[in-house]
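Now for the letters of each chain:
Number of protein chains: 2
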Amino acid sequence: MTKILRINTRERSFRYEELGEYAGLGGRALTSRMVLNEVPATCNPIGPDNKIVMATGLLAGTLAANSGRISLGAKSPLTGGIKESNSGGMMALKMAKLDLLAVVLEDKPAKDTPLCTIKITKDGVTFEDASSFEGMGTYPVAEQLLETHGKKTAVMVIGPAGETLRLASSIQFTDPKGHPARAAGRGGLGAVMGSKRVKALVIDDAGGAGSEYADKDAFKVASKRWVEILRNHPVTGQGLPAFGTCILINILNEAGALPTKNFRQGRFDEVAEISGEKMVEHMEARGGRVKEGCHPGCVIQCSQSYNDKDGKYITSGMEYETVWAFGSNSLVHDIDDIARMDRLCDDIGVDTIDIANAVVMAMDGGMIPWGDSKAAIELLNRMYDKKDPLGQIIGNGTAFAGEAFGIDRIPVVKRQAIPAYDPRSVKGVGVTYATTPMGADHTAGYAVCQNILKVGGDVDPLKSSDENIEISKNLQIATAAVDATGLCLFVAFAVLDTEDSLDVIAKMISAKYGIDFKASDVAPVGVNILRDEYAFNEAAGFTKADDQLPEFFSKEIFPPHNTRWEYSIDDLQKAKA
Amino acid sequence: MTKILRINTRERSFRYEELGEYAGLGGRALTSRMVLNEVPATCNPIGPDNKIVMATGLLAGTLAANSGRISLGAKSPLTGGIKESNSGGMMALKMAKLDLLAVVLEDKPAKDTPLCTIKITKDGVTFEDASSFEGMGTYPVAEQLLETHGKKTAVMVIGPAGETLRLASSIQFTDPKGHPARAAGRGGLGAVMGSKRVKALVIDDAGGAGSEYADKDAFKVASKRWVEILRNHPVTGQGLPAFGTCILINILNEAGALPTKNFRQGRFDEVAEISGEKMVEHMEARGGRVKEGCHPGCVIQCSQSYNDKDGKYITSGMEYETVWAFGSNSLVHDIDDIARMDRLCDDIGVDTIDIANAVVMAMDGGMIPWGDSKAAIELLNRMYDKKDPLGQIIGNGTAFAGEAFGIDRIPVVKRQAIPAYDPRSVKGVGVTYATTPMGADHTAGYAVCQNILKVGGDVDPLKSSDENIEISKNLQIATAAVDATGLCLFVAFAVLDTEDSLDVIAKMISAKYGIDFKASDVAPVGVNILRDEYAFNEAAGFTKADDQLPEFFSKEIFPPHNTRWEYSIDDLQKAKA
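Quick mapping for you: the protein sequence lines, in order, are chains A and B.
This note's numbering numbers the first residue of the first sequence as 1 and each following residue consecutively.
This note's numbering numbers the first residue of the second sequence as 1001 and each following residue consecutively.
One or more hints might be untrue.
Stated by the list, open to error - Quick look at which bits of chain B chain A covers, simulated, 3 or more residues with Cβ under 8 Å:
| no. | segment |
| --- | --- |
| 1 | 1037-1047 |
| 2 | 1160-1174 |
| 3 | 1278-1285 |
| 4 | 1545-1556 |
Read the hints as simulated data drawn from the structure, not as lab findings.
Given the structure is predicted, the values throughout are model-derived calculations rather than measurements.
Where is the CB? At the ideal position from N, CA and C, for every residue including glycine.
Using the sequences and the accompanying hints, generate a full structural model.
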């Protein structure tokens, strides 16, 4: 019987609970509903009333390809609003094996309580002292924990940033190789875990029975077609496996929408040095791996292993947004240094997008020179020292660093850093940045599809049209629904272009649960999620005034297409579900 | 003919304007109406659309005692809401002499434009290069400007903090002795001035005719009675002249409401060392001055000159809130060091309340030891160096420093630091902190009167009663009205206890303008101001969720009276006008 496991971090107690009112929800649908119902919207995000809800998706632990994402929900220390941040890694599969739909971390102990590691097995929960891990990076901690508890366990861990309540801290998850290189990066959830004095969570699924299928044969038929759909689409079947998400570097540069030098222009002179093509060239020459899955059952394989010149592993899964932020937006062109910075962020436990843009703020404020990747690395290293003021500033992310360094062009929405697609020249995604309850987040409604990639339609990215509002709205709804299933968001490329895809997903859900779930039921799932999230944010004090881009996007002209941001706040409300 | 002077800081141009729609408004009534009408609520506070409105009160330049306060209005960089911060000093009188109701600083030049000094005379406005002042404190700059432009001019000036856009930066004004010791301290208005690249503003009223009285004889009669009222009340006639506002140190300690060690307890063991009585003892022994006015025409004389052991001037006008924040709340008991910190804040151009509590955050976060005033002074000195990360953190105020140092008990409302009266044991002022549109501000509705001083009534400070909500509401209305007249807020002590006082104020306004202004017209002035301010804040994205105290006041018991904060957000809305 699928359960929810609640862990009280103050009492160090736990209890299992029936699904009750949460039955039928998964992933983001569950995290957002639980946060709305159980976390007071006006509470202190690092106080005892906040919770971390870890939820698997509706298809977790099944044969369905790419169904192993885990959703983390909480009130965000960074935005002050609701947050769902999802990640790959091994955790969702292990939870499903133990038949846990959700694990919830509740309450908090006194601030000076020693750190602990929580271990979950089929027999329950134990608490182990983790004082010796204090201040340690996620790589050595994960290595030690896997050594102690066995290579087959999965680890969720925070770095020094989460321990010290940094606003841009992440929660990292071990991937199939045991590297803590997968992140629930955005919104500072590491600080929520740190406030609860939990350094790590280890899950051992030995002896777990998993959950059953209502109709396994029907599931097999649907999941076979599902794999075909993913393999047949050019993005999920060819582009992503060949270059990872960094295939986008050249594409966005060509489109004139690759933000460069803190969003001052859309093309980067040295783009070839940081492209996906360059990355692959290095990986092939140095014994890295071009194709890897971030979780078992992935058929897209957009992750990689990136080695240095001596063939030594640096990092995995370097995303386009990371390479962009540490690359063109910082005027850095040394891809090896970018890989080192990605590794540092994973080890320190911080969001690459918010941290890289904090480094950009340091460059724009004259603290370090533009394009100086060595100085940037030195800056990141300061986050290991909890008393280093510069480390404290950088670790709190872009909005904070911008205010520290006296910057008047700070690229954030709801205090979360704007990602790698300039909203003036990819207007559909700009609408998403402004209106998603998450704070600036490309994954919340990836209109880059219709604007640039011409997947799922073709909408002019430069025009302030109603159409761009419409595609953002529809994508936000669809994305929320995908996030409820535990499917990787990248399936959307194939889904948008394949007629029977929603039907196939609905068939898998029906066959798993023995219900009659239809393709037409998918969108309402997304709408309900978004409305839960709007309700939380409204109670937390958000209004439409928070649904806007920073002023400089409206005041400055963005080359090469010489675009501006022109939507009014009221226009943008039409993008809300 | 009374005029408004508008100065464009980008074009370096100016124009005079009739009062038009602003006729009949003064002080805070004018600043808040103009900010509401002319500053887009969602604009970037350090962008070109923000304005600084400097307005004299309705009684400025008259014979009325204590009528020389100046109101500064803008969108606050600290709170994101509307701000009126008012100050003593020479400016209002000089403006009145030139018959200027308001001076408005508009637009902004490029970020790297050299700083300028604006000079206003009867002939208009000139702009002078101020690059040589870059990074300099307000004391040496004011000294040089008074040297250059004459001792009879008045100076408004920002320090290094305002130049570098610090969120807790102030705008300082010269007092009758030429010290820039009077501050429009709260809300970071120095950053607005700094964003406009204006280092200082000098006003020379030579040849100014002043404005006329409609009925000078009637004015004289009323203003004579006005002086009597102020002189006859024990607070304005005896207490404040004898000890300044620091008379409150012992009173609040006795009441068990003097926040100590970051609001952990209500009494300070070493209170005698930092009391008003101790201050006076030192001033008398060292050739300081116990009684001074912050502006000409003051009969209360609550300011002072405080000298060091060698008889050398350190600072003026050390307020209770400053001594509290650098004293008991930091566990510091060296009153000379507190005076040095007050001076440093004035020179750097920062708000003492927000900065001292930022130092408290540094102590609570283990950055410097509790009670270590030498380390605190060293910390403050870092603000002179614009690239010092610790200086950047401290200069951004309490909320920012708390987030930098990983503190989960940050005493702010709307990101502005809570002043010197614990809201759990002075509940009336707690209601004011939560609900004033200004962010935590005792001056916005000083219920310490009825709660502790028993002026204007006697309301139990410990009880979560409706009465405490009621007194806060009425005081917020009355205060806003007082802030429209240009009268010093401290007149309120006498006004609350003297039957004919409102009538006398109304008579002075009537006699000055030849209108029939009545005592019953006073409250509506206050209500209108507050409603303008609520309207701005609502458009800026504030909701009732912002009208609350930090969570720890509800969760922690406050000794010695063992009180908690118990009002709900909805309760508190009843305090809004």
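Exercise. Okay, which hints does this one fail, numbers in order?
Worked result: The structure breaks only hint 3.
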